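Trainee: Dock chain U against the given chain V, drawing on the hints supplied.
So the sequences go chain by chain: V and U. For what it's worth, our numbering labels the leading residue of the first sequence as 1, then goes sequentially. For what it's worth, our numbering labels the leading residue of the second sequence as 1, then goes sequentially.
Calculated directly from the structure, the hints in this document are not laboratory data. Since the model is a prediction, treat every value here as computed from it, not as a measurement. Misleading hints may appear alongside valid ones.
Examples of chain V residues lying across from chain U (beta carbon under 8 Å, computed) [said to hold, decoys possible]: (1) V106; (2) H170; (3) T171; (4) L242; (5) E282; (6) Y283; (7) P309; (8) A312; (9) V316; (10) D319; (11) M389; (12) A420; (13) I443; (14) N461.
For every residue, glycine included, the Cβ atom is placed at its ideal position computed from N, Cα and C.
Protein chains: 2
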Amino acid sequence: MSHSLTPFFEPRQVAVIGASAAEGKSGYVVVANMLANGYEGKIYPVNPRGGRILGLPVTRSVAELPEGIDVAVIILPAEQTVQALRECAARGIRHAVLLAGGFAEVDEGRARLQEELVDALRETGIRTLGPNTSGHTSTPFKFTSSLFPLGKIRPGKVSFIAQTGNFGTHTMKYILTGEHFGPARVIGLGNKIDVEESEALEYLGQDPETSAIIIYVESLKKPRRFLEVAREVTRRKPVVMLKGGATEAGRKAADAHTAAMGSEDRIVDGMLRQAGVVRIHEYTHLVLAAKAFSMLPPLQGNRVSFLAPSGAMLTVLSDYCTGHGLTIPDLQPETVRRLQEISPALIRMRNPVDIWPSCGVHGVEFGYREGMEAVLRDPNIDAVVPIIMLTRDIGVPSPDFIYDLARKYPEKPVLVAFSAAKECMDLYKDSLEPRGVPTYPDIEQPFETLSILARCRAALNRP
Amino acid sequence: MSHSLTPFFEPRQVAVIGASAAEGKSGYVVVANMLANGYEGKIYPVNPRGGRILGLPVTRSVAELPEGIDVAVIILPAEQTVQALRECAARGIRHAVLLAGGFAEVDEGRARLQEELVDALRETGIRTLGPNTSGHTSTPFKFTSSLFPLGKIRPGKVSFIAQTGNFGTHTMKYILTGEHFGPARVIGLGNKIDVEESEALEYLGQDPETSAIIIYVESLKKPRRFLEVAREVTRRKPVVMLKGGATEAGRKAADAHTAAMGSEDRIVDGMLRQAGVVRIHEYTHLVLAAKAFSMLPPLQGNRVSFLAPSGAMLTVLSDYCTGHGLTIPDLQPETVRRLQEISPALIRMRNPVDIWPSCGVHGVEFGYREGMEAVLRDPNIDAVVPIIMLTRDIGVPSPDFIYDLARKYPEKPVLVAFSAAKECMDLYKDSLEPRGVPTYPDIEQPFETLSILARCRAALNRP
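This is chain V alone, in the form it adopts within the complex (with noise of 0.2 Å):
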């Protein structure tokens, strides 16, 4: 299957036109994150000054680089680019990502330079990324264009668009430092004068690494062939945006201009819904979306079960759910009696589930263990989250017994969060993760992130 942008994703070679042999510079940053990645074509560094890049051996300009450079990865500044990307078209080269910035994102003089972009695209049919893009990723190949010092991207099954740098930077990096998932493929928009979300969605709608899209955008440049595309990728996979004010609307939002900005926002959000598109509105919630499409299998239902230390956090998630579309339903007869069994007499079980007596008596693990194994079981619950309390006073159990039981049953999603002392929170999330069992700092995240995942389930089977 091909694409007109699959060639970004699957270059066998490329140029760095602007690499740099000094350490620390975007255009050394680039050809480091190549290497760092493994990738396996080959990268021909363009530098006028010629010598060696990191190893590679550079060519003094583009006329000189040899046949069949499938993407130009372009680091000058903006006044050069124009003239780059021209010589790019010259050599045959078909697709560039353009890293730059200075372009009509300053101000109105720059935004003549991008005018000239334009012109030189629609002159030569180059396809490009940008400008002012932080560079794509591409890890089912090994690749990567972004001029962040990012090293090894984990690979992953989720894929980014993005009107912003940050999943090709600083927010790829906390993703990559403080979680246990990645990317398969990263699409950094940046000025979009050429690809933007509509072309982007419909690459990742057929791409068979993606399994799962994170969209964020500021404005929709194609809004009638997006919700188009939407519409019908929507119906295969989930696809949830956080929509940001465009920086006008930003600036708007900061003034406190609301009520305009309110409706518009409102036709906005019913369209997004019409074509099955799920809108998150923080920031935070594209990592515990991204998190949850890159471990969890796909949820089935918005019955959740949940086991808690205490009575408060029962109450106060069992609010919470009522209030995000989530039920929690009665149990089987057959579940309850084993609750029971668990527990002492005087505790009467029900969903959702208050466990630590039954910890109390039988110890921690064989609480927490027997009651997840019971509320897994009970056909009433597609979810189960336990909110396990750990204290070294107490008694840590092994993490094993959780990911066992989430290997056991494999369709429906378990979610951990805790309670208690933060270093063993800290130990649970490094055995789990990694194992594809994801933890939440917050008691609430995982109710957050199940909100999500049902909005999703009925976008996927809306008729």
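Mentor: Relative to chain V, chain U alone:
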């Protein structure tokens, strides 16, 4: 200043009735916690077996206790608690903490046991916390009756009233291990047959050690009295409340019978707002609010400035502020001039502050330090949130410059969030928080916090 509840929080002599020499038993943990906290009064463990517990000589019966015991902590099965309470009263003890569960929270048979307790209270006039409480804490007096292995409780200036044991047990353990603040007083209400939230609030309202009050309740025992007390206290100290559905309501919530609940809840909401109580809706926000009151100066207004390393964050967080009662005002001309001075000319500096280009030219520390100082000096700004991008490949400055700025502008809250490498965020947290500058792993959290603080300020200053 003395209040009817003062003896609970300043006991000179305490008896632990049901103390145990068996490590791990509640009757052991209670004594161990008192010792771990350096309680300077006298502890009398009571157990018919006699001997020693944790080095302390054991008294065999309540009758054999000396004169002048201020508080009896009773850790006996529910069935024996009434008798013990009567014995305490006979021995002249006027205050008791009833740690046993197994009363009205279980079933109707058990409710009768609780009625016997109430009869005993009426007849003896003894004041009680509980039953079914996990204890109470008073760090100014180095005292706790918690039955959870907490060890040394870090002292602080925020107090908790909780109709849950969590703030004497696992949630407090999280605060002590995962955060860098602690409580002044913690009042675990339990089944509140005597001391309830309105008297507790009245006590904390006049307590010089308490500067802010965090409440978790599932019901108000004396709603009219509570609102009366709250109306008065909230003019002097912020009072934040999370109200969980009561047990039955929680069940209702789970069963999705939301309509009736919803309207009842709206009435509660209106009454609390009129009384100046700031209501929150997430369990995690109980900790966020406590952290803010523990570390930050009072917020003087809702005018925020923030500095972020990306336009998308500026945009998304502007949207967030607008939706949460915070404004992002224009900066004074002098501030804009200074920001422009430290930034490449291409960037048009304004509020919120696009700081990364400055960091690119002058270094990470220079950009954030000079940018933060510019907005901290601006009289249009009440609070500042730097979102600091940290990654070793670019350079991680010592966090001292942030501490120095927070100390130089002590009247303005500074809340620190991050992007990029997780281990650097942890380093900043561990460096800044013990010195009183709060940090947040998620970029929305400083704004959630400021939103709560802004509502508290409005409540304090209401007409």
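Trainee: Next, verify each hint and record whether it holds.
Mentor: So, going through the hints one by one against the coordinates:
A distance limit of 8 Å between C-beta atoms decides the matter here; for V106 of chain V the minimum to chain U is near 5 Å, and the interface restraint holds. With 8 Å as the threshold, the beta carbon of H170 of chain V comes within range of chain U, its nearest partner Cβ sitting at about 4 Å, so the hint holds. Below 8 Å, beta-carbon pairs count as interface contacts, and T171 of chain V has one with chain U at about 6 Å; its hint therefore holds. A hinted interface residue such as L242 of chain V counts as satisfied when its beta carbon comes closer than 8 Å to some beta carbon of chain U; here the least separation is about 7 Å, so the hint holds.
Interface restraint check: E282 of chain V against chain U, minimum CB-CB distance 5 Å, threshold 8 Å, status holds. The interface hint given for Y283 of chain V holds, since its Cβ lies 5 Å from the closest Cβ of chain U, which is under the 8 Å cut-off. Because the beta carbon of P309 of chain V sits about 6 Å from the nearest beta carbon in chain U, less than 8 Å, this interface hint is met. At its closest, the beta carbon of A312 of chain V sits 3 Å from a beta carbon of chain U; the interface hint therefore holds under the 8 Å criterion.
Among the interface hints, the one on V316 of chain V holds; its C-beta lies about 5 Å from the nearest C-beta in chain U, closer than the 8 Å criterion. Restraint check, D319 of chain V versus chain U: the minimum CB separation of about 5 Å is within 8 Å; hint holds. The interface hint given for M389 of chain V is met, as the beta carbon of that residue sits about 5 Å from the closest beta carbon of chain U, less than 8 Å. Annotation: A420 of chain V was flagged as interfacial toward chain U, and the flag holds, the nearest CB pair being 4 Å apart, inside 8 Å.
Taken as an interface hint, I443 of chain V checks out: its beta carbon lies about 6 Å from the nearest beta carbon of chain U, inside 8 Å. Annotation: N461 of chain V was flagged as interfacial toward chain U, and the flag is violated, the nearest CB pair being 20 Å apart, outside 8 Å.
Figure legend: structure checked against the earlier numbered hints; the only hint not met is number 14.
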